[in-house]
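Participant: Residues per chain are reported as follows:
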Amino acid sequence: AQKITQTQPGMFVQEKEAVTLDCTYDTSDPSYGLFWYKQPSSGEMIFLIYQGSYDQQNATEGRYSLNFQKARKSANLVISASQLGDSAMYFCAMREPLKSAGNNRKLIWGLGTSLAVNP
Amino acid sequence: ETGVTQTPRHLVMGMTNKKSLKCEQHLGHNAMYWYKQSAKKPLELMFVYSLEERVENNSVPSRFSPECPNSSHLFLHLHTLQPEDSALYLCASSQVMTSGGKADTQYFGPGTRLTVL
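The listed protein sequences derive, respectively, from chains A and B. When we follow my numbering, the leftmost residue of the first sequence carries the number 1, and every step to the right adds one. When we follow my numbering, the leftmost residue of the second sequence carries the number 1001, and every step to the right adds one.
Keep in mind that a hint or two might mislead.
[Unchecked claim] Going by beta-carbon spacing under 8 Å, a handful of chain A positions derived as facing chain B:
| no. | residue |
| --- | --- |
| 1 | 12 |
| 2 | 47 |
| 3 | 111 |
| 4 | 114 |
| 5 | 116 |
[What the hints assert, rightly or not] In silico DMTMM-like links for lysine to aspartate or glutamate, alpha-carbon gap of 25 Å or less:
| no. | chain 1 | residue 1 | chain 2 | residue 2 |
| --- | --- | --- | --- | --- |
| 6 | B | 1102 | A | 86 |
| 7 | B | 1041 | A | 55 |
| 8 | B | 1040 | A | 26 |
| 9 | A | 73 | B | 1044 |
| 10 | A | 73 | A | 29 |
| 11 | B | 1102 | A | 17 |
| 12 | B | 1102 | A | 55 |
| 13 | B | 1102 | A | 44 |
| 14 | B | 1102 | A | 15 |
| 15 | B | 1040 | A | 55 |
| 16 | B | 1036 | A | 55 |
| 17 | A | 106 | B | 1067 |
| 18 | A | 106 | B | 1084 |
| 19 | A | 106 | A | 17 |
Treat the hints as calculated values from the structure; they're not laboratory data. Beta carbons: idealized from backbone N, C-alpha and C, even for Gly.
One chain only, chain A, in its complex shape:
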């Protein structure tokens, strides 16, 4: 069964430093998508970055990059030059593979990592 594991319940990082948030996944399907979301204390789930299983390069979006290691089934989020506003919960999610045309596919979620950025 598909599963997402985030082993770090909480992380601390000094402002302006880089931090890596871990995510491992389990699936037997060759086609899948991986997402990272940020959830500040206000509650909104904010999409950060996407990695497709067939993408040749690691995804990058501004200060966010994804260290995608397919053989190890890991998709770690790297935040460079941390800012105080990066303090939030971070969730890794995997989209189920397509089963039939037009079928909505579920996202399978991890439990999240709480990141605190210290000034």
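On the provided structure of chain A, position chain B as indicated by the hints.
Facilitator: This is chain B only, laid out in the frame that chain A set:
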């Protein structure tokens, strides 16, 4: 308004009350979702509407009743809730593509924090 909006942001209700949560998406998407987020649990998918038709109902108790009158609006009607239903309820939308990819990303609203007394 842009993105996905939800009202109210906070709701306190008694177990005998009837209330509704509202979600509106301004992204032109064709699918909308209701999620429940409780402490120390993964996000739980409750309902999915695709092209205004319910395509997913994850064994949610009947005290939760969804409604999707058009592709931009989604409601969650609540009645005779239990204290364990207290949670953050998140609405999301996406443009479902058979090819998948980044275009099928779900975008979320700010959520409704529900407390059942």
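Participant: Would you mind marking each hint as holding or not holding in the structure?
Facilitator: These are the hints, each one checked on the structure:
Restraint check, residue 12 of chain A versus chain B: the minimum CB separation of about 20 Å is more than 8 Å; hint violated. Hint status for residue 47 of chain A relative to chain B: holds, with the closest Cβ pair at about 6 Å, below 8 Å. Taken as an interface hint, residue 111 of chain A checks out: its beta carbon lies about 6 Å from the nearest beta carbon of chain B, inside 8 Å. Given the 8 Å rule on beta carbons, the hint for residue 114 of chain A is violated: about 12 Å separates it from the nearest Cβ of chain B.
With its C-beta approaching chain B no nearer than about 18 Å, residue 116 of chain A sits outside the 8 Å limit, and its interface hint is violated. Straight-line distance between C-alpha atoms of residue 1102 of chain B and residue 86 of chain A comes to about 23 Å, which keeps the hinted pair within the 25 Å bound. Distance check on the hinted pair: residue 1041 of chain B and residue 55 of chain A sit about 30 Å apart at the alpha-carbon level, beyond 25 Å; violated. As the CA atoms of residue 1040 of chain B and residue 26 of chain A are separated by approximately 20 Å, the hinted pair is consistent with the 25 Å bound.
For the hint linking residue 73 of chain A to residue 1044 of chain B, the alpha-carbon distance of about 23 Å falls within 25 Å, and the restraint holds. Only pairs whose Cα atoms come within 25 Å are accepted, and residue 73 of chain A paired with residue 29 of chain A is accepted, the gap being roughly 12 Å. Taking the CA atoms of residue 1102 of chain B and residue 17 of chain A, the gap is near 28 Å; set against the 25 Å cutoff, the hint is violated. With a C-alpha separation of about 11 Å, the suggested pair residue 1102 of chain B and residue 55 of chain A falls inside the 25 Å cut-off, and the hint holds.
For the suggested pair residue 1102 of chain B and residue 44 of chain A, the alpha carbons sit about 19 Å apart, so the restraint of at most 25 Å is met. Taken as a hint, the residue 1102 of chain B and residue 15 of chain A pair is broken in the structure, with Cα atoms around 30 Å apart against an allowance of 25 Å. With a CA separation close to 32 Å, the supplied pair residue 1040 of chain B and residue 55 of chain A exceeds the 25 Å bound. Taken as a hint, the residue 1036 of chain B and residue 55 of chain A pair is broken in the structure, with Cα atoms around 31 Å apart against an allowance of 25 Å.
Under the criterion of a C-alpha separation no larger than 25 Å, the hint pairing residue 106 of chain A with residue 1067 of chain B is consistent with the structure, at around 20 Å. Restraint check for residue 106 of chain A and residue 1084 of chain B: the C-alpha separation of about 24 Å stays at or below 25 Å, so the hint holds. Of the supplied pair hints, the one linking residue 106 of chain A and residue 17 of chain A is violated, its CA atoms being roughly 34 Å apart against a limit of 25 Å.
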